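Chemist: Read off the chains here:
Number of protein chains: 4
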Amino acid sequence: MLNFAMFGAGRIANVHGQTLSEHPDANLKYVVDPFPDAAMAVAKKFQAKVVDADVVFADSAIDAVLICSPTDTHSGLIEKAALAGKAIFCEKPVDLDIDRARHVADIIKETGVLCFLGFNRRFDPTFNALYQDKQAGRIGNLEQLVITSRDPSPPPVSYIKVSGGLFRDMMIHDLDMARWMLGEEPVEVHATGSCLVDPAIAEAGDIDSAMVTLKTASGKLCHINNSRRAAYGYDQRIELLGEKGMLQAANHKENEVRYLGSEGDISEKPLHFFLERYMPAYRRELQSFVDSVTEGNKPDVSIDDGVKALELADACYQSLKSGQTVYL
Amino acid sequence: MLNFAMFGAGRIANVHGQTLSEHPDANLKYVVDPFPDAAMAVAKKFQAKVVDADVVFADSAIDAVLICSPTDTHSGLIEKAALAGKAIFCEKPVDLDIDRARHVADIIKETGVLCFLGFNRRFDPTFNALYQDKQAGRIGNLEQLVITSRDPSPPPVSYIKVSGGLFRDMMIHDLDMARWMLGEEPVEVHATGSCLVDPAIAEAGDIDSAMVTLKTASGKLCHINNSRRAAYGYDQRIELLGEKGMLQAANHKENEVRYLGSEGDISEKPLHFFLERYMPAYRRELQSFVDSVTEGNKPDVSIDDGVKALELADACYQSLKSGQTVYL
Amino acid sequence: MLNFAMFGAGRIANVHGQTLSEHPDANLKYVVDPFPDAAMAVAKKFQAKVVDADVVFADSAIDAVLICSPTDTHSGLIEKAALAGKAIFCEKPVDLDIDRARHVADIIKETGVLCFLGFNRRFDPTFNALYQDKQAGRIGNLEQLVITSRDPSPPPVSYIKVSGGLFRDMMIHDLDMARWMLGEEPVEVHATGSCLVDPAIAEAGDIDSAMVTLKTASGKLCHINNSRRAAYGYDQRIELLGEKGMLQAANHKENEVRYLGSEGDISEKPLHFFLERYMPAYRRELQSFVDSVTEGNKPDVSIDDGVKALELADACYQSLKSGQTVYL
Amino acid sequence: MLNFAMFGAGRIANVHGQTLSEHPDANLKYVVDPFPDAAMAVAKKFQAKVVDADVVFADSAIDAVLICSPTDTHSGLIEKAALAGKAIFCEKPVDLDIDRARHVADIIKETGVLCFLGFNRRFDPTFNALYQDKQAGRIGNLEQLVITSRDPSPPPVSYIKVSGGLFRDMMIHDLDMARWMLGEEPVEVHATGSCLVDPAIAEAGDIDSAMVTLKTASGKLCHINNSRRAAYGYDQRIELLGEKGMLQAANHKENEVRYLGSEGDISEKPLHFFLERYMPAYRRELQSFVDSVTEGNKPDVSIDDGVKALELADACYQSLKSGQTVYL
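Protein chains in written order, with this note's numbering: chain U, 7 to 334; chain X, 7 to 334; chain P, 7 to 334; chain B, 7 to 334.
One or more of the hints may lead you astray.
In this list, chains with the same sequence are indistinguishable; a pair is considered to hold if it fits within one copy or across any two.
Below, a list of computed lysine-lysine pairs in the DSBU-like style, where the Cα atoms sit at most 30 Å apart [to be verified]:
(1) K327 - K86
(2) K327 - K314
(3) K51 - K327
(4) K115 - K35
(5) K167 - K250
(6) K35 - K50
(7) K140 - K86
(8) K314 - K35
(9) K51 - K35
(10) K327 - K250
(11) K304 - K86
(12) K35 - K86
Hints in this document: simulated from the structure, not taken from any laboratory. These numbers come from a predicted model, not from an experiment.
With the rest of the complex left out, here is chain U (with noise of 0.2 Å):
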């Protein structure tokens, strides 16, 4: 049994929560949050206790932390929890700043500390499969890959403005996508994008439809486009094109009733958000980490990886600027 204690207390502490509460080898023992009420709530909701982070690190039956605060104190959690030796499951992304992200990827490496980043869309079953038919060399060489991303509807401005913008905050998942399914790293990167969905995201200096173009040294060429808006729900889909043929990752839908009638033949529209889709591919993540803990393997995902995908969220950055190929 591992003992963990929860850093957060917003809506993915609950996802968490409710994971560690249905893993049979899992034990929540504390909540960590700035605010007693939310701390409170959670800590009841899941039988831990809330308590202050230093007795967190103090405490020698705390195997595992679990960090999904604010994206801004990611990278100090990480470094403290690093220096008590406490194994870490931190949600993306590691900082907003990649010189921080590198300062605390190197602590990671110098004190040998477990470190598992949350990209969850990896243990997604339908994502997984995907990657499992390619490795296994379903479409031989793989040449093109096609990552659609699209939320529901834009977060509140406030958020955008301090999320680090559209590449850093939504597309850097479909980046260690990407990373993870070319099987090599991109050399260039060109990234173009528009303000199409809500005026308001614009004047926060951002963008909120964009169009990114990778290509990696053996010239595999993968495509990502993002909306913060789809009238019909999450889309979250993936092409993987070989020399052998396609592989498709379709929407999943919360059943599969179909109608006909004069309006036309109308199934089920994709799940709403990724609390809907990615619940499984959350408890296959845990399940990923536990493992590695208990069995003192390596991270499925690594700290590394969150600090390649933040390069190439920067990289996407300095192209949408300059209307310049970036080359890595």
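Once you have looked at the hints, place chains X, P and B on chain U.
Modeler: Here is chains X, P and B on its own, set in the frame of chain U:
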């Protein structure tokens, strides 16, 4: 918190043990089974205690019994539990003998004890959404119903011999579904069948392929087809035709990966069998039972539903033998 | 180049006129119809001449007659054409009276004239590919067959009164499809039906909704369901279950556009009715007939196929009336 | 009845010969081609006469010329036909040289002769319905466009060498589709590509895999991906994202047969190549041309559309070479 005792320690007991362990308001206290090893294994897995039946009925702390022991014990256990005043969750069928089934249904009526029958498919997310759509008037008046229900492969012939036969063991689920979807009782039953999958099934006196037609007083028509074999997995589909259109419930798949290559356009097969397909339904039927016990409501599926489905199964055998339509 | 005379000048005559005009080896020389205006319109459209029937049978330049006049004229025209030595393409049914149908089938046998019956669905690209796949052993031994056949809306009651009724007019196509797909003759027939679409159809002595079950000597089972109404268009589907898997023929759509919005995931409905769905089949059945005439082969669909489908339709009416299984 | 002369006697000449032979208001009078055997074969097949170009331009009975000879003859023939006052149907591209293309576009403007450019995909039933749905406001304001266009296998390298390269020969269709769907001109072009299919293509100085991004003045984004190889057939898809939803155009299949077995759930692949997929489009584009000639309307696709697509293809090569965004 409701305290449960579970009768049975086989495959389906493991399913109910799992759903009980996940439910926040349910506690599995006792496991009862004549085979000590099996009982111990289930009890250990779900942190319960192995006891004799007498202990269960004498323990006032037990709120409910979950009966998933062999079919020939169902009606006896229902009777004892009813007399002991325990809420009852019983797997289908009530009994293979219609008189005995009616007898215990009478006892339930007299004692007023809550008795829920485990026709799990009513709680499948797709079938339930189909039903809700129909109830909401999406296709207007229902005219035709087509139920396809095929197992991936036949059970051992030893099981078939004690199962009550295809109509009482397998199609009984579809007969319940037909009653539920039609919203009125069938008054005409015609059945035909063959042994096409395995000659040993014919030697055991049963069929493995069947087609049944039902008709209600208002003229609604229903077709059910069953096979003990489907090379592509568990085939569970329903189609409703109404004046305004059609509703279809398609099979569920493990993931949404699609491959296109020289061999064709290939998607995942349906989920393999009932444990895979109906796990969400098992969770939801337990929730329904817990809600009924807690809130004092009538059960969503009653012992009368069990009796009526058995009457239809008996009529199917009568029609199969005579070649004639049976009028109810 | 084959010279044709066409009997009839209605809707289906326009279909055959069109396919004849497109065929490089066919020439429509004459049109015969008791209504001069209709005859003239069709003749003008396809550059033919209006004549009396006698002219057709006396003209040695006429190689073939295409009979698409009203049903009650079919057997008489077949007889005359056979005696005149013309190759015959006749729309279904041969006759509504089984004795008369058998009589002209005998004449065809005696004269040795080529007589092709227009069961057009055998030539539909999807149904034909389904049949070829079955013949090639893709599902191994066929066990169950399910045919769904629903018209978008009922014909005028005046037509129904002279049509021979649902089984002889509408389901006869499905009965032919069943015989073709099963590859052996049904020996048991059970039929039930209702009037759910329009009470005027019941007043005219017919049903508008039907379910039929067929069984062959080897135990293959077949279900056919018909409705005179499908709000979503012409519903023409077939499903084959065999030991190695299932083959399904889905409906055809006008285009492959799909819309996803807040209302759902919406595709095109099936093509509206038989003219839209079966236009490729009409072209291909003409090709089959021309090939038989040119190469002296047996027809792909013979007058015996027409007689046997009619026998099954008659058995359906017998079962509908008696409620009993009819043994052939 | 319009009299046509056709320049060219290759594969696409056979397509146009076929559509002309089926059209009730078109008559193919002459075929012109420097290879007498090829010319004779086409002329014989469609009952036309082989003549020299001079005969065509001197014959006042000729209403229209259909140019499907090699690309390097297009602009010269357009010029001569324009000066002879013949209506012109020309296969894409106008010319591989942008100056020459602009020159003949000017001549068309000066002479006022009707000149229709054969961007056949605009007439595909699915793409056309997609466009109509967008125009009707089904997705509101268009924000993103994704075009997937992959050939089943590359043409001979000898052809690639004279083709103008992937952007001018293959993607030019997609660039036209982009302009048509976007409804405004791209002002930014970024292209990248690789040679992944066949090294001989790289040796010939071209690429076989490409990803292009376009942006319009109002910020609409467009992605096009091309490959010279798709093991599963001709992949022709379009996706439109708008404020109210998404519209997708899927591939066409030969039939609607679906097989489910132990290997999976298998449907037909997309139609193999352009002759199979776009035959209905070829018929409809001829109809559009005939309508324009007959009714004196502007052509649905003009020579200016040909010039503008070529400008975009040239910009793609410029971006591919420089790695930079090209601003138009």
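Chemist: It remains to establish, for every hint, whether it holds in the given structure.
Modeler: Going through the hints against the structure:
1. K327 - K86: neither (36 Å within a copy, 49 Å between copies)
2. K327 - K314: both (20 Å within a copy, 27 Å between copies)
3. K51 - K327: neither (46 Å within a copy, 59 Å between copies)
4. K115 - K35: within (27 Å within a copy, 48 Å between copies)
5. K167 - K250: between (44 Å within a copy, 25 Å between copies)
6. K35 - K50: Both ways: K35 and K50 sit 11 Å apart in one copy and 25 Å across, limit 30 Å.
7. K140 - K86: neither (38 Å within a copy, 54 Å between copies)
8. K314 - K35: The answer is neither: 32 Å in one copy and 51 Å across copies each exceed 30 Å.
9. K51 - K35: both (12 Å within a copy, 23 Å between copies)
10. K327 - K250: Between copies only: 29 Å across, 38 Å inside.
11. K304 - K86: Classified as within; 20 Å inside a copy, 55 Å across copies.
12. K35 - K86: For K35 and K86, the Cα distance is within 30 Å only inside one copy (18 Å; across copies 43 Å).
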